[in-house]
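Next come the chains, spelled out residue by residue.
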Amino acid sequence: MSTPATTDSRAASLRRRLQGSKLPKLPRRNRDVLSEEEMVAWPFIDRLGVALAWFCGLLLIAISASIVIYMLVRGIQYVKLDALGHHPVVQSTTTITGTSGGYLDPIEGTLILTTLGTLIALPIGVATAVWLSEYGRPAWLARAVESGVEIVAGTPTIVLAIFGLLIFSKSAFGFLSFTAEGGAVFGRSFFIAGIMMSLIALPLIVGATREALQSIPAHVREASYSLGKDKISTIRRVLIPASRKGIATGTTLGMGRIAGDTAIVVILLGASLTLEKQGSTPVIGTLKGTGSTLTSYVYNNSPAGEGNAPQKAYAAAFILLVIVILMNFVVDLIARKGSDPWAR
Amino acid sequence: MGPLKTPPPVRRIVVDDQPTIVQPPAGSDGAGQATDGASALLSAPRKREGKRGQVRKRMETAELGVQYAGKPAVKGVDLPVNQGEVLALIGPSGCGKTTLLRSLNRLVDQTPTATRTGTIFLDERDVDLEDVTNLRRQVGMVFQQPNPFPMSVFDNVAYGLRERGSRRPSRAALRPAVEEALDRAGLLEEVKDNLTHPALRLSGGQQQRLCIARSLAVGPEVLLLDEPCSALDPRSTAIIEELVMGLRAEIAIVIVTHNLQQAYRVADKVGFMYLGDLVEYGHADQVFGAPKAKRTREYVSGGFG
Chain A
1 MSTPATTDSR AASLRRRLQG SKLPKLPRRN RDVLSEEEMV AWPFIDRLGV ALAWFCGLLL
61 IAISASIVIY MLVRGIQYVK LDALGHHPVV QSTTTITGTS GGYLDPIEGT LILTTLGTLI
121 ALPIGVATAV WLSEYGRPAW LARAVESGVE IVAGTPTIVL AIFGLLIFSK SAFGFLSFTA
181 EGGAVFGRSF FIAGIMMSLI ALPLIVGATR EALQSIPAHV REASYSLGKD KISTIRRVLI
241 PASRKGIATG TTLGMGRIAG DTAIVVILLG ASLTLEKQGS TPVIGTLKGT GSTLTSYVYN
301 NSPAGEGNAP QKAYAAAFIL LVIVILMNFV VDLIARKGSD PWAR
Chain B
1 MGPLKTPPPV RRIVVDDQPT IVQPPAGSDG AGQATDGASA LLSAPRKREG KRGQVRKRME
61 TAELGVQYAG KPAVKGVDLP VNQGEVLALI GPSGCGKTTL LRSLNRLVDQ TPTATRTGTI
121 FLDERDVDLE DVTNLRRQVG MVFQQPNPFP MSVFDNVAYG LRERGSRRPS RAALRPAVEE
181 ALDRAGLLEE VKDNLTHPAL RLSGGQQQRL CIARSLAVGP EVLLLDEPCS ALDPRSTAII
241 EELVMGLRAE IAIVIVTHNL QQAYRVADKV GFMYLGDLVE YGHADQVFGA PKAKRTREYV
301 SGGFG
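Protein chains in written order, with my numbering: chain A, 1 to 344; chain B, 1 to 305.
Please note: incorrect hints may appear among the correct ones.
[As the list claims (entries may be wrong)] Chain B regions said to be covered by chain A (calculated; three or more residues, Cβ under 8 Å):
| id | stretch |
| --- | --- |
| 1 | 56-67 |
| 2 | 214-221 |
[As the list claims (entries may be wrong)] Simulated coverage check for chain A against chain B, where a stretch passes if three residues somewhere in it have a Cβ under 8 Å from a Cβ of chain B:
| id | stretch |
| --- | --- |
| 3 | 209-221 |
| 4 | 230-239 |
Keep in mind the hints are simulated off the structure, nothing from the lab.
We put the CB at the ideal spot given by N, CA and C, even for glycine.
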């Protein structure tokens with residue numbers, strides 16, 4: 001805490017001394033935009049580079065702004081608030097009428113799937129990160145786990161989806177979805193999609209949690225050991241609470257990714273527009289059943305899909321965008337709230 | 001050892017404006033310390049006069065050696081640690097004083113590459129025969145960086161009191177012990193209305209006293225301080241030095257410090273380490289005033305390090 005102050009006063013006294021003498025002012029770096037006279041001295045290629053850097057940055061802002069503004073305009077145009085509370089109606093025609101219903105089921109589907117995927121990924125992710133950061137022995141196993149997490153992170157979700165279908169269509173996993181007469185397992189349900197979705201969130205949670213754990217100085221662990229605590233107590237009572245921010249950041253990022261994924265939904269959620277329960281058990285029935293999410297709804301209603309109702313696609317896409325942007329905003333809030341508490 | 005001189009109250013916390021800064025001899029501007037450092041040290045205000053209770057041996061190392069991956073960091077050190085005295089370990093960086101300190105509560109065992117030889121006794125018992133968690137409850141440690149846990153002030157102090165496995169004692173049951181520890185660390189007055197506030201919101205000096213309170217709460221016999229003031233401002237340093245003075249009657253204290261003035265101010269005994277050897281051990285006045293070894297003389301007069 002005292003360090004910045006002393007550095008500042010040292011810089012201030014240096015500046016005072018410099019001003020007192022005939023020396024020119026020291027240039028202030030980092031914070032300030034380069035002044036023109038400084039840039040004139042630069043070679044052409046460097047000036048071109050700076051210009052390109054500016055251009056690319058501004059281009060990205062323009063792209064993201066145009067996405068948001070376009071979806072905002074289109075979305076607000078077509079979102080009917082009462083449609084949020086209504087079930088969609090399955091249509092065989094492409095005509096758009098007022099009777100095609102709302103997006104209640106896709107919204108529910110997105111919420112269910114995001115919750116389910118997160119609930120599966122969170123404990124596994126935190127446990128993996130704790131093991132990697134605090135145990136990590138034998139070293140070859142830790143490296144193997146790391147590579148495994150990286151491979152899962154790098155696998156396209158459509159590959160995850162096909163893989164999931166392959167695995168969960170085995171009769172051993174019949175309890176997770178619908179089994180037809182004759183024993184064929186459907187292999188598509190909220191359960192199955194949720195399990196595969198958790199693989200999307202898992203690497204993000206592992207990465208963020210691990211980073212948070214590793215940023216905790218060794219002396220904090222040692223302080224806990226010095227009070228006669230063992231490793232387990234230290235992890236549970238000190239390290240995990242201290243990593244809350246990282247865990248929350250990773251989880252929220254993962255939720256955003258789950259909410260935004262399409263491939264797994266299209267392949268593993270059974271592509272029924274409404275929530276179709278399997279069996280009569282209230283919650284389990286829904287989870288074993290099929291449904292849709294905002295992403296599959298957008299896909300279906302886009303000109304490329306069967307529904308071909310672009311207005312509905314815009315409206316649903318707008319809702320999805322709002323959800324994902326809100327989640328990113330939450331991540332920013334979490335990440336900004338205080339930095340490393342033990343930093344000098 | 002010396003009889004009691006004018007005994008001030010033991011737990012007095014004095015906050016003078018600049019009690020910790022050694023007044024350099026007139027005419028020199030601090031750099032003079034390099035030439036006549038020893039005399040500047042000896043003219044510094046001393047705090048170690050006053051009540052310190054009966055001096056008795058609590059810990060002792062016999063032929064203690066520590067190697068990191070085979071490279072010796074501490075070489076065959078025999079060192080007594082007495083209650084009623086503050087023992088300061090001084091020496092240049094990398095001389096093994098922190099490693100020695102970390103051996104005393106077996107924290108060095110946490111380092112995978114470290115091997116320890118020789119014996120350490122706590123009250124005549126070999127610490128290696130004792131349960132390590134039990135040992136660490138008797139030998140507390142405070143670190144260079146204040147490191148309260150990310151929880152409330154109360155929970156930080158109560159942390160060590162809550163045993164794993166057993167049902168958590170209620171806050172009400174822990175409160176007297178927590179308040180006593182905070183009081184002994186001289187922090188109670190400042191935080192008693194904010195016990196539920198996050199500990200990491202306290203100032204650096206308060207955080208360090210909280211770390212001391214946290215150690216005191218589990219009732220240690222020995223307290224190890226690893227450069228406890230090097231991250232603190234002079235005012236907080238003064239408070240902590242006063243605190244250490246007050247605690248030495250009840251607890252044996254070992255302090256590692258790079259600050260020779262601090263060692264002179266607070267220590268009754270001083271151990272000078274160099275390249276893993278305990279070069280000199282003796283009363284502070286002797287080590288600083290009339291060092292026997294050439295290395296010690298050079299070091300305390302600012303010749304190297």
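Hint by hint, here is what the structure shows:
1. Taking a C-beta to C-beta cut-off of 8 Å, the stretch 56-67 of chain B contributes 0 residues in contact with chain A, too few for the three needed, and the coverage statement is violated.
2. Three residues within the 8 Å Cβ limit are the bar, and the stretch 214-221 of chain B against chain A gives 3, so the coverage statement holds.
3. Counting residues of the stretch 209-221 of chain A whose beta carbon lies closer than 8 Å to any beta carbon of chain B gives 3, which meets the minimum of three for the stated coverage.
4. Three residues within the 8 Å Cβ limit are the bar, and the stretch 230-239 of chain A against chain B gives 5, so the coverage statement holds.
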